[in-house]
Each structure stands twice: as structure tokens, then as C-alpha cells.
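K.L.:
So the protein lines, in turn, are chains A and B.
Oh and the first sequence: position 21 is 429 in this note's numbering, straight run, nothing missing.
Oh and the second sequence: position 160 is 171 in this note's numbering, straight run, nothing missing.
FYI, nobody ran anything at the bench for these hints, they're computed from the structure.
Take the hints with a grain of salt, since some may be wrong.
What the hints assert, rightly or not - Ranges of calculated distance between the beta carbons of each label pair, as one might list FRET restraints:
1. A/G437 - B/A138: 33 to 41 Å
2. A/G417 - B/A221: 40 to 48 Å
3. B/V38 - A/L439: 47 to 55 Å
4. A/G417 - B/P105: 42 to 50 Å
5. A/L481 - B/S186: 13 to 21 Å
6. A/L439 - B/K161: 24 to 32 Å
7. A/V467 - B/I133: 12 to 20 Å
8. A/G430 - B/V41: 39 to 47 Å
9. A/L439 - B/F87: 48 to 56 Å
10. B/P174 - A/G431: 29 to 37 Å
11. B/S68 - A/G430: 48 to 56 Å
As the list claims (entries may be wrong) - If you only want the chain B side, here are some residues facing chain A, beta carbon under 10 Å, derived:
12. P23
13. T28
14. M101
15. A197
16. L200
17. Q248
18. I254
Virtual Cβ for every residue (Gly too), placed ideally from N, Cα, C.
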Amino acid sequence: MEQAIIDAGKYIGAGMACLGMGGAGVGLGSLFGNYLAGAIRNPAAADGQFGRLIFGFAVTEALGIFSLLIALLLIFAV
Amino acid sequence: MAETAGSDTVDPIHQFTIEELFDLGTVGGVEFAFTNSALFMVVTVAVVAAFLILGTSRAALVPGRVQALAEISYEFVANMLRESAGTEGMRFFPFVFSLFMFVLVANVLGLFPYFFTVTSHIIVTAALAFTVILLVIGYGFYRNGIGFLKLFVPHGVPGYLLPLVAAIEVLSFLSRPISLSVRLFANMLAGHITLKVFASFIIMLGAFGAAGWIGAIIPFFMTVALTALEVLVAFLQAYVFAILTCMYLNDALHPSH
């Protein structure tokens with residue numbers, strides 16, 4: 409009975425942890441949207457900033473992956 | 012979906028288990044063994060060394076394919092370091108280049124079937140990240156003395172806010188090794204778990220006979236697409252690890268905001 413409560417808590421917590429990835433999605437959409445808006449205005453300068461775009465993508469994505477990590481840890485490692 | 016005793020459940024964690032290949036005895040109460048993780052670290056170093064040695068063995072003016080690749084990887088890391096840390100930062104080039112190539116090849120090697128992903132363990136990525144941060148702190152104090160602490164005092168902050176801002180800056184500096192290591196670890200872990208789960212969908216759908224195998228085409232294509240994504244993530248995470256290292260080294264060289 410106790411184990412069932414623990415398991416239920418784990419899975420509910422994992423589901424809640426996945427909500428954090430919404431924030432990462434908003435951040436990434438904002439990042440790429442601004443890049444595209446700038447690139448349409450000034451296509452010649454777009455390629456020069458591509459490296460920064462990819463770096464910004466990786467650090468923003470990292471926060472979403474952190475929340476996925478908590479969810480995976482709850483399901484498989486607790 | 013957790014590790015139950017049933018054999019028809021998904022177990023994506025088994026791929027991360029450390030297996031001892033042969034024992035190396037006990038030193039001071041700590042057991043040493045050559046594990047599958049150590050084996051793949053050796054393979055990674057061998058691949059990087061072979062790539063670079065073969066690439067530069069015949070130093071032609073007009074490079075062949077391997078030499079061109081070796082030169083591209085050198086230029087890529089050199090430009091990244093020079094842009095972030097300036098010409099003074101180039102003294103760290105061997106370190107940053109080794110770091111980048113090790114993380115890149117370790118990530119990519121993990122994508123082959125049955126190969127172990129070295130960077131999918133927090134201990135490995137934490138060791139790399141803490142090496143970087145200790146180098147930054149050590150070199151920062153060696154080169155700037157106590158002036159290294161100017162890093163935590165941004166320009167133009169009013170006096171009454173200074174303690175609070177300094178405390179926040181110190182906390183955010185201390186969070187660097189954690190975020191550096193967890194970013195790489197979590198990306199590799201999540202990627203490989205997802206690959207394993209989608210691959211298991213193919214098998215689970217196949218249990219339904221002929222119609223199941225036709226339906227299993229969908230998770231099959233998803234697995235192929237995910238593998239392509241994981242190759243991209245492997246490159247990206249190596250690049251991000253290296254460029255963050257370059258930025259932190261720039262902080263050690265020029266500690267003023």
C-alpha cells in the first residue's frame with residue numbers, strides 16, 4: 409500500500425516536472441522568432457550571427473532538459 | 012514503466028550500467044577496475060589521436076580530405092577561443108581543443124549500437140566541468156591576484172546594493188560548474204533514453220502480428236529521425252561545452268564586467 413502511494417507520488421511528480429519544458433519552448437520560440445525577424449530585415453547579416461543563435465539555443469534548451477532530467481530521475485531512479 | 016520484474020516492460024536504464032571488464036586490485040580501501048566506461052574513454056582518445064595524426068602525417072599544401080577535416084577542426088576551435096578570450100586566451104588552446112574533441116567523439120561514439128556513452132554519466136561530465144572551473148579560479152587568482160574578485164563587482168552599481176549584487180554574482184558563478192556538467196549529462200541521458208523507448212515501441216508493436224509490423228513503421232521512422240537529432244545534439248553539446256569554457260577562461264583573463 410505504501411509502495412503504491414510512493415509510486416503514485418513519483419509519477420505525479422514526473423508529470424509536473426514536464427510542465428517546466430513549456431518555459432523552454434517559449435524561450436526558444438522567442439529566440440528563433442527574433443532571429444528570423446532580424447534576418448528578414450537584414451539577410452546579409454544573418455549568417456554572421458548564426459553561431460550566437462545556436463549557442464543561445466543550446467543554453468535555453470538546457471533548462472528544458474534539466475526539467476526532463478528531473479522527470480526521468482523520478483520515473484527510473486527513485 | 013519502471014524496472015519491474017516483467018520482461019515485457021521498457022527498461023531504458025540498463026544501457027547505462029557500468030560493467031567491470033577486469034579488476035585492477037584495491038588501493039586504500041577503494042576498488043579499481045577497468046570498466047566499459049574506461050574502455051570507451053580509451054577508444055575516444057584513440058579515435059581523436061588517429062584522426063589528427065593521420066590528418067597531419069602528409070602535410071600537403073593542398074590538403075586531402077582527412078587533412079582538410081583536421082585543419083577545419085583546428086580552425087574552428089582556434090577561432091572560437093580567439094573570439095571569446097582574445098590572443099592571450101590562445102595559451103589555453105591545447106586544453107580547449109582536447110576538451111572539445113573528447114566530448115565530441117565521446118558523444119558521437121555513444122550513438123553506435125551497443126556502444127557505451129561515456130558522457131551520459133554525471134561523474135564524467137562533472138569531472139570535466141570541475142576541471143574547467145578549477146582552472147578558471149586557479150588561473151584567475153594566479154594572474155590577477157585578489158583583483159580576480161572584481162569579477163563579482165559589476166560596474167556602476169550603487170553602494171547600498173553592492174553586497175546583494177556581489178552575493179548574487181558569487182552564487183551565479185558557483186552555479187556554472189553545475190549547469191555545465193548537468194547540461195551535457197542531461198542531454199546525453201535524455202537522448203539515449205528516448206532512443207531506447209522509441210526503439211522498444213517497434214518491438215512492442217511487432218507483438219501484434221502482421222498488422223503490428225506495418226504499424227511499427229511509424230516508430231521506426233521516429234527512431235531514425237531521433238538518431239539524426241541526436242547526432243546534431245552531440246555536436247551542439249560539444250560546441251556549447253567548449254564555448255562556455257572559452258567564456259569562463261575569458262573571465263579568468265579579464266575579470267571586469
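K.L.:
With reference to the structure, classify each hint as holding or not holding.
P.N.:
Here is what the structure says about each hint:
For the pair A/G437 and B/A138, the beta carbons lie near 35 Å from each other, so the given range of 33 to 41 Å is met. At roughly 41 Å, the beta carbons of A/G417 and B/A221 sit within the given window of 40 to 48 Å. Evaluation of the 47 to 55 Å hint for B/V38 and A/L439 yields a pass: the beta carbon distance comes to about 49 Å. Evaluation of the 42 to 50 Å hint for A/G417 and B/P105 yields a pass: the beta carbon distance comes to about 49 Å.
For A/L481 and B/S186, the Cβ-Cβ distance of about 19 Å falls inside the hinted range of 13 to 21 Å, so the restraint holds. In this structure the hint that A/L439 and B/K161 lie 24 to 32 Å apart at CB holds, the actual value being about 31 Å. Here the CB-CB span from A/V467 to B/I133 is close to 19 Å, well matched to the stated 12 to 20 Å. For A/G430 paired with B/V41, a C-beta distance near 44 Å keeps the hint of 39 to 47 Å intact.
Range check, A/L439 to B/F87: Cβ separation about 23 Å, and the 48 to 56 Å hint is violated. At roughly 30 Å, the beta carbons of B/P174 and A/G431 sit within the given window of 29 to 37 Å. About 51 Å separates the C-beta atoms of B/S68 and A/G430, a value consistent with the hinted range of 48 to 56 Å. Below 10 Å, beta-carbon pairs count as interface contacts, and B/P23 has one with chain A at about 7 Å; its hint therefore holds.
At a threshold of 10 Å, the smallest CB-CB gap from B/T28 to chain A is about 12 Å, leaving the interface hint violated. A cut of 10 Å between beta carbons decides the hint on B/M101: the least distance to chain A is about 19 Å, and the hint is violated. Because the beta carbon of B/A197 sits about 4 Å from the nearest beta carbon in chain A, less than 10 Å, this interface hint is met. The interface hint given for B/L200 holds, since its Cβ lies 7 Å from the closest Cβ of chain A, which is under the 10 Å cut-off.
Contact between B/Q248 and chain A, as hinted, is supported at the beta carbon level, the nearest pair being about 7 Å apart and thus within 10 Å. Interface hint at B/I254: satisfied, since its Cβ lies 6 Å from the closest Cβ of chain A, which is below the 10 Å cut-off.
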